[in-house]
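Start from the sequences and build out the full structure, keeping to the hints where you can.
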Amino acid sequence: MRLRTAPVRKQPAENMIPLINIVFLILIFFLVASALRPFSDREVRLAESAETKSPGAGTRMAVLRRDGSIYVAGAQISEAELLSRFAAWATDDPGRGITLVADRDMEAPALIAVVTSANAAGIADVKLLTRKAR
Amino acid sequence: MRLSEWQRRKSTIGLTPLIDVVFLLLIFFMLASTFLKFSALPVSGARGGGQSGSLNEIALIQLRDTGGLRVNNIEIGLDGLRSHIAGLVAKGVTRAVLQPAKGSKVQDLVKVLELTRKTELKSVVVVR
Chain A
992 MRLRTAPVRK QPAENMIPLI NIVFLILIFF LVASALRPFS DREVRLAESA ETKSPGAGTR
1052 MAVLRRDGSI YVAGAQISEA ELLSRFAAWA TDDPGRGITL VADRDMEAPA LIAVVTSANA
1112 AGIADVKLLT RKAR
Chain B
9 MRLSEWQRRK STIGLTPLID VVFLLLIFFM LASTFLKFSA LPVSGARGGG QSGSLNEIAL
69 IQLRDTGGLR VNNIEIGLDG LRSHIAGLVA KGVTRAVLQP AKGSKVQDLV KVLELTRKTE
129 LKSVVVVR
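Listed in order, the protein sequences are those of chains A and B.
Residues are numbered in this note's numbering as their position in the first sequence, beginning at 1, plus a constant of 991.
Residues are numbered in this note's numbering as their position in the second sequence, beginning at 1, plus a constant of 8.
Check the hints yourself; a few may be wrong.
With a cut-off of at most 20 Å between alpha-carbon atoms, the simulated SDA-like pairs for lysine to any residue come out as follows [unchecked claim]:
hint: 1; chain 1: A; residue 1: K1044; chain 2: B; residue 2: T42
hint: 2; chain 1: B; residue 1: K119; chain 2: A; residue 2: V1035
hint: 3; chain 1: B; residue 1: K119; chain 2: B; residue 2: V79
hint: 4; chain 1: A; residue 1: K1123; chain 2: B; residue 2: L44
hint: 5; chain 1: B; residue 1: K45; chain 2: A; residue 2: R1033
hint: 6; chain 1: B; residue 1: K119; chain 2: A; residue 2: R1125
hint: 7; chain 1: B; residue 1: K126; chain 2: A; residue 2: A1124
hint: 8; chain 1: A; residue 1: K1123; chain 2: B; residue 2: F43
hint: 9; chain 1: A; residue 1: K1123; chain 2: B; residue 2: K126
hint: 10; chain 1: A; residue 1: K1044; chain 2: B; residue 2: S41
hint: 11; chain 1: B; residue 1: K110; chain 2: A; residue 2: R1095
Among the chain A residues that face chain B by a calculated CB cut under 10 Å, a handful are [to be verified]:
hint: 12; residue: L1018
hint: 13; residue: A1024
hint: 14; residue: S1045
hint: 15; residue: T1050
hint: 16; residue: L1091
hint: 17; residue: P1100
hint: 18; residue: V1117
hint: 19; residue: L1119
hint: 20; residue: T1121
hint: 21; residue: R1122
Everything labelled a hint here was simulated from the structure, so no lab data went into it.
Backbone N, C-alpha and C fix where the C-beta goes; we use that ideal spot for every residue, glycine too.
Right, dumping it as structure tokens:
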């Protein structure tokens, strides 16, 4: 009787659930279909190779840009610092290996100088990151 | 009746924080992920005091800055490399030394390294 007088005010709120469904769908698509970038330097264009062989988890990385600058863990370091970094890595965990992320237009002798110095420091497992050609 | 319905609606968890977090996750994965396929190519430099052996077992591959190749001082195209190395392997060559000239690019080095890995050579080292 009295209760009926109080009108039920229904807010015509926009329905959010279809939006959430779509966003979830896109999220799951990215989770399943893609992999996390192994390095985050957008300046470097990798050399192309025909085979695919995963660099493996937990490998150490050094980025070598086209102009010869060296980046480790996002910070630019000098060549001498790279050598001491190699020595530290070799004494810390010699079996772990390193992956070099070199630009495809970098001078090959400069890359080989880095590979040789890593080997001389005691790191036997040196790999070069490439991307599979489409 | 009406009271209990009111209580139930009040206890519903708000959807807005959930959407916020899902959007955040979506943006993170869109920025941090890639669809490229990566590959890791083993490269080994020359070390002193390595294996002993006759010099006849070693082939010298020189990479020119034009992208051309010289194997034991014989000019060779990139597509002829595999067959030429197969011929050398038949003559007793087991290892190769790859020497890129000044001015040659990493992309050319990768191409040659990949080709030599498909041959029967036991090891290929790179030198400056």
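Comparing the hints with the structure gives:
{"no.": "1", "hint": "K1044/A <-> T42/B", "in the structure": "holds (16 Å)"}
{"no.": "2", "hint": "K119/B <-> V1035/A", "in the structure": "holds (18 Å)"}
{"no.": "3", "hint": "K119/B <-> V79/B", "in the structure": "holds (15 Å)"}
{"no.": "4", "hint": "K1123/A <-> L44/B", "in the structure": "holds (7 Å)"}
{"no.": "5", "hint": "K45/B <-> R1033/A", "in the structure": "holds (16 Å)"}
{"no.": "6", "hint": "K119/B <-> R1125/A", "in the structure": "holds (15 Å)"}
{"no.": "7", "hint": "K126/B <-> A1124/A", "in the structure": "holds (17 Å)"}
{"no.": "8", "hint": "K1123/A <-> F43/B", "in the structure": "holds (11 Å)"}
{"no.": "9", "hint": "K1123/A <-> K126/B", "in the structure": "holds (16 Å)"}
{"no.": "10", "hint": "K1044/A <-> S41/B", "in the structure": "holds (18 Å)"}
{"no.": "11", "hint": "K110/B <-> R1095/A", "in the structure": "holds (15 Å)"}
{"no.": "12", "hint": "L1018", "in the structure": "holds (5 Å)"}
{"no.": "13", "hint": "A1024", "in the structure": "holds (7 Å)"}
{"no.": "14", "hint": "S1045", "in the structure": "holds (7 Å)"}
{"no.": "15", "hint": "T1050", "in the structure": "holds (8 Å)"}
{"no.": "16", "hint": "L1091", "in the structure": "holds (8 Å)"}
{"no.": "17", "hint": "P1100", "in the structure": "holds (5 Å)"}
{"no.": "18", "hint": "V1117", "in the structure": "holds (5 Å)"}
{"no.": "19", "hint": "L1119", "in the structure": "holds (5 Å)"}
{"no.": "20", "hint": "T1121", "in the structure": "holds (5 Å)"}
{"no.": "21", "hint": "R1122", "in the structure": "holds (5 Å)"}
The structure agrees with every numbered hint stated previously.
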